[in-house]
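**Q** Single-letter residue listing:
There are 4 protein chains.
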Amino acid sequence: MTAEQSAPPQDIRVGIIGVGRMGADHVERISRRTKGARISVISDYLRETAEAVSATAPGSRVVDTPEEVIAADDVDAVLIASPGQFHREQVLACIAAGKPVLCEKPLAMNSADAFDVVRAEHEAGRASVSLGFMRRFDAGYGELKDALEAGDLGAPLLLNCKHRNASVLPGFTDTHMVYDSAVHEIDAISFFLEEPAVSVQTVMPRSSEKAPEGLHDPLLFLFRTASGTVITDELWVSTDAGYEVRTELVGSLGAATIGQETGMVTTQQTGSRWGGEVPLDFRPRFVAAYDAEVQAWIAAVADGSFVAPRSATAWDGYVAAAVCEAAEQSLTADGPVEVALQNRPA
Amino acid sequence: MTAEQSAPPQDIRVGIIGVGRMGADHVERISRRTKGARISVISDYLRETAEAVSATAPGSRVVDTPEEVIAADDVDAVLIASPGQFHREQVLACIAAGKPVLCEKPLAMNSADAFDVVRAEHEAGRASVSLGFMRRFDAGYGELKDALEAGDLGAPLLLNCKHRNASVLPGFTDTHMVYDSAVHEIDAISFFLEEPAVSVQTVMPRSSEKAPEGLHDPLLFLFRTASGTVITDELWVSTDAGYEVRTELVGSLGAATIGQETGMVTTQQTGSRWGGEVPLDFRPRFVAAYDAEVQAWIAAVADGSFVAPRSATAWDGYVAAAVCEAAEQSLTADGPVEVALQNRPA
Amino acid sequence: MTAEQSAPPQDIRVGIIGVGRMGADHVERISRRTKGARISVISDYLRETAEAVSATAPGSRVVDTPEEVIAADDVDAVLIASPGQFHREQVLACIAAGKPVLCEKPLAMNSADAFDVVRAEHEAGRASVSLGFMRRFDAGYGELKDALEAGDLGAPLLLNCKHRNASVLPGFTDTHMVYDSAVHEIDAISFFLEEPAVSVQTVMPRSSEKAPEGLHDPLLFLFRTASGTVITDELWVSTDAGYEVRTELVGSLGAATIGQETGMVTTQQTGSRWGGEVPLDFRPRFVAAYDAEVQAWIAAVADGSFVAPRSATAWDGYVAAAVCEAAEQSLTADGPVEVALQNRPA
Amino acid sequence: MTAEQSAPPQDIRVGIIGVGRMGADHVERISRRTKGARISVISDYLRETAEAVSATAPGSRVVDTPEEVIAADDVDAVLIASPGQFHREQVLACIAAGKPVLCEKPLAMNSADAFDVVRAEHEAGRASVSLGFMRRFDAGYGELKDALEAGDLGAPLLLNCKHRNASVLPGFTDTHMVYDSAVHEIDAISFFLEEPAVSVQTVMPRSSEKAPEGLHDPLLFLFRTASGTVITDELWVSTDAGYEVRTELVGSLGAATIGQETGMVTTQQTGSRWGGEVPLDFRPRFVAAYDAEVQAWIAAVADGSFVAPRSATAWDGYVAAAVCEAAEQSLTADGPVEVALQNRPA
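Residue numbers (numbering that gives the first Met the number 0), protein chains in the order written: chain A, 0 to 345; chain B, 0 to 345; chain C, 0 to 345; chain D, 0 to 345.
Hints are computed from structural coordinates only; laboratory data are not their basis. Incorrect hints may have been included.
Which copy is meant is left open, because identical chains are indistinguishable; a pair holds if it fits in one copy or across any two.
[Unchecked claim] In silico EDC-like links for lysine to aspartate or glutamate, alpha-carbon gap of 20 Å or less: (1) Lys209 to Asp73; (2) Lys98 to Asp73; (3) Lys209 to Asp239; (4) Lys209 to Asp151; (5) Lys104 to Asp173; (6) Lys144 to Glu276; (7) Lys104 to Glu337; (8) Lys98 to Glu88; (9) Lys104 to Glu88; (10) Lys209 to Asp173.
Hey, can you work out the whole structure from these sequences and the hints?
**A** Take a look at the structure:
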């Protein structure tokens, strides 16, 4: 005699818009590692790219337009990895279709557009938009968040962030420094402190001789929240050394640091040095965070909550856009620039 | 117009034998995190336990016997987490059924029984047995293995292992120290050095006053391989402090250490100390290794190779059993005990 | 037959003005640890204190006034550890007497007074004034200075300083934060970067609930040098945890950190934590630096150079005073305050 | 009016026998850094060497023989840095002359000769012999000793020692490994555990291809004390990497590690690695220990106690000799060799 069998679980069918490097990574992730999901429908500006990626994701098909992805019957949830200028429109379409969406940053090209999404989601009556700030799912970020929530560190007073890249592409400017790099720490403010930056000031040290033409590198941003926590964000993107992200939270009961170097430690002949490797790009550092982010999103879609705990929301995306705008202004301003924020829909 | 869709991938249907703590963990893992697999059939000595666990795994059903699990049409692969005394018979049945199997350690209750499995698999003409030495899938173990394979450390000369537990259950004896604790480092020898221990000596320091009655704790085993690499294995299982596993490989071109303390580092008021947490049991340290082990096994089942790269095999299980037997003898021997190994089937 | 013996070396006879806590430390240091020096003459505002300290320093005598110390035939060099308001006058007297002097910080109560010392020393025609910025003799400071001089780190771009105390005395205000705490990092700027800060801005986070009345704690100062290096100085003096000083230099070819936690690392039962101790005050951290500072000064006196290599000079004391004044103004200013510096005498 | 002046302290006049590399270091140390001492008389087998070194030590003179050093009226204490075969005779002469002596290791060429010194000192009725095991004055060693004395670590159960050199001179053999390298950890046993090793076993891994002809490298010694503490001593002297000495004490209440890498930590372009330097020889690691050792000895001479707290004594030198003999035998023995120790004079 055997027990009766319940129905086996169905995979969440994910439609993906945009399968360039980031999108293709997501297809590979969802096809190989994300439990309970599969890629069902794919679109890309370049049809051939979409076809090639689809060939690596059994059970997927290619359609011509983002609209078709969103509308498809065999799409339960949408992942947007298209260029940023299309995000607003595509997310709005997902909201209109009632489908949960995970959108890579940015939510929109400016804060006004981002607020449209916040308003639309609010009017739709339910949360369905997740934004791809993957660091929220990094183990170290989680450990620090846990400590803050447990009150182990007391009230947060200062947050020191350091963000380093081995190199950037030609044409990377101060504005890219805001929207591509600092944006992560801007979201970290929302994540750790649970309040947005209300002002931002740029501090420009002299630049490294290795800084690309037109880029001030390193750069320092100083943020402040309404309750008075100060955030220093040091960005340095032409180190030639590797990728590093470190964060120290100074709280009234203690300080905590995450992102310090770990891994295997060697002592070897060459150079008579001890130490370990610095990864060349963000992947070794954050691949587990991307995996966890997408897994948490799929779990939220499966259980009907649509947005995972600790995930960045449309509101977080709007806040990031608004703070980035102020940071961009601060690049040429004399002193702090205020962040202008709409009221959050109740 | 849309592209034609290939068939979506089918999940590997896993039958599991034994759903006590370890087996239930695997059910939870495969149901929540392992991509491309689901639990289809469950058996346990206690029917109610099987029913309760099945209720958490949609699509699974309960059967009465291990034999039914192995024989079931809707079982593509078998995971054995029953008590060790049943492993040999169950693995042999899987081999006979031509189904890939991942068996928790030990492979059998003694080396002779374990060799039966090696022989049976050999006669069956294909590798299909994986043994659950999960540390092989730990990121640190992988990093050290990579460095050895790349030749970065030269020839291995010494391997120092430390293994600490906060506490053990009442009744834990020196023999358990061999078969439950040292067995992991015994397999690490095979993994890192690619040759088994050929002799073992017990070194007994005075015991901690906290050591349970009848247990020598800490204990030190000294192993040696045929090529002359020496392995020290320090075991200490009543530290009251936490779970730690550290390994240093001393090679002719350099030394490398894995398993050092990592994670968030704090400086807090209490005690005026800096530092981080030591986990209380093995889970935080090795949960990712278990996940990776099972994921790699499922991938190997799916691609028809049945045994994942770097996984422990039936032969590794036999070697571990034989070395454990020698280690057990060495507990009361005066000096080194030789390991008796059968020839490996070609 | 024996070789003829040269005359044994004579100890440098040090006269000390002020033997409160800091001065008494110096007497103990010079009497017990400083090679080639002894305390010969002592004065203090409190005669009894001077007598008590003299009793611990064989061969020393007590006089009534600072002037007598400076003038004494049995005083080769003067150490000033009196309250800061007397420093200017006492250092000027040493210059006039042609005697080398090591003066605890500050050099004078304001930058104008400090410049008087610079001018007087210049007019006297030889360097003879050392200022007690002992960190310049810390092993870590030395290691970083060496790396900068060797060019290993390229051009300095950023300097991040953190300075933490377990607690401060009642009555400690923002102004004390400048003159007692930040002054050390202000001198570190001169030491590491070989150029002074030219502007300073105060950034005030919300204060810890443990901050004494009237003190903003933590505080952040932002300095900038003429060549554009930016210095962040985070001060936090009511941590209740311990004394910490950490410095990271970000250079165009690499970053280097000194002052990280070192010493014995333990894993103990209590709390299941690994880590080490944070000292409760500055002594364990900098006692060796004080010893090295005084030893280097004595060596310089003995060889006639009067001021040790890498020691802070009268000019450094003047710069520190001027930068502190700007920092004090910045406490209530809106934005950066310029540092006003006289020209350095040729 | 001035206070009456007590007599200034007189320097301890040190006579030194042997001014090769180690002795010359001591002359430089005592002349430049050791408070309260000066070199008064020097002898060396090579007269020119003695003259050259004397020229760097003002107030010193050269004599022809060790006997003249010991007998000289202007010698208060004797430092022996001659070749080991002369130590016994020279130390005995110091005892006979009633003069305190600091003798570099070894105390004598074998344990019987060393015991002669123990007996002679005992018959002389007072302790006057210090042996130059400088690690006892290393800050890390002191920190671990403090923790043991405070009971923080409970009862010592295991002591793991690692000792690495970049390279050794040609002709360095297994016997040198015992008497030049392992001897330091042999004394560490006495120091930390306050009981000597009673047995020793050699464990020989296969040797590095870089090991000099005739040397087994690395080597492992296993020691055991009467109370049952086990000590592992890993020696590896041809690493090509640098000098490292690390020690972990496993106690019933906790484990503590000293000697881990410290100093400035850098992240630099080259190689994309983080880490720090490993010193090429023992000097950077232990120069402060030598300084502290000699300073403590001078203080003990000055206060009449003659032997500093925690210093190695004649008895410690005898124990080291006896344990080294057993270790040497163990190189070719099959299993543990017992240490034969005389009774300690009451």
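**Q** Next step is simple, just say for each hint if it's right about the structure.
**A** Results of checking the hints against the structure:
no., hint, in the structure
1, Lys209 to Asp73, "neither (49 Å within a copy, 58 Å between copies)"
2, Lys98 to Asp73, "within (12 Å within a copy, 33 Å between copies)"
3, Lys209 to Asp239, "within (9 Å within a copy, 34 Å between copies)"
4, Lys209 to Asp151, "between (41 Å within a copy, 15 Å between copies)"
5, Lys104 to Asp173, "within (18 Å within a copy, 42 Å between copies)"
6, Lys144 to Glu276, "between (26 Å within a copy, 15 Å between copies)"
7, Lys104 to Glu337, "neither (23 Å within a copy, 40 Å between copies)"
8, Lys98 to Glu88, "within (14 Å within a copy, 50 Å between copies)"
9, Lys104 to Glu88, "within (14 Å within a copy, 54 Å between copies)"
10, Lys209 to Asp173, "within (15 Å within a copy, 39 Å between copies)"
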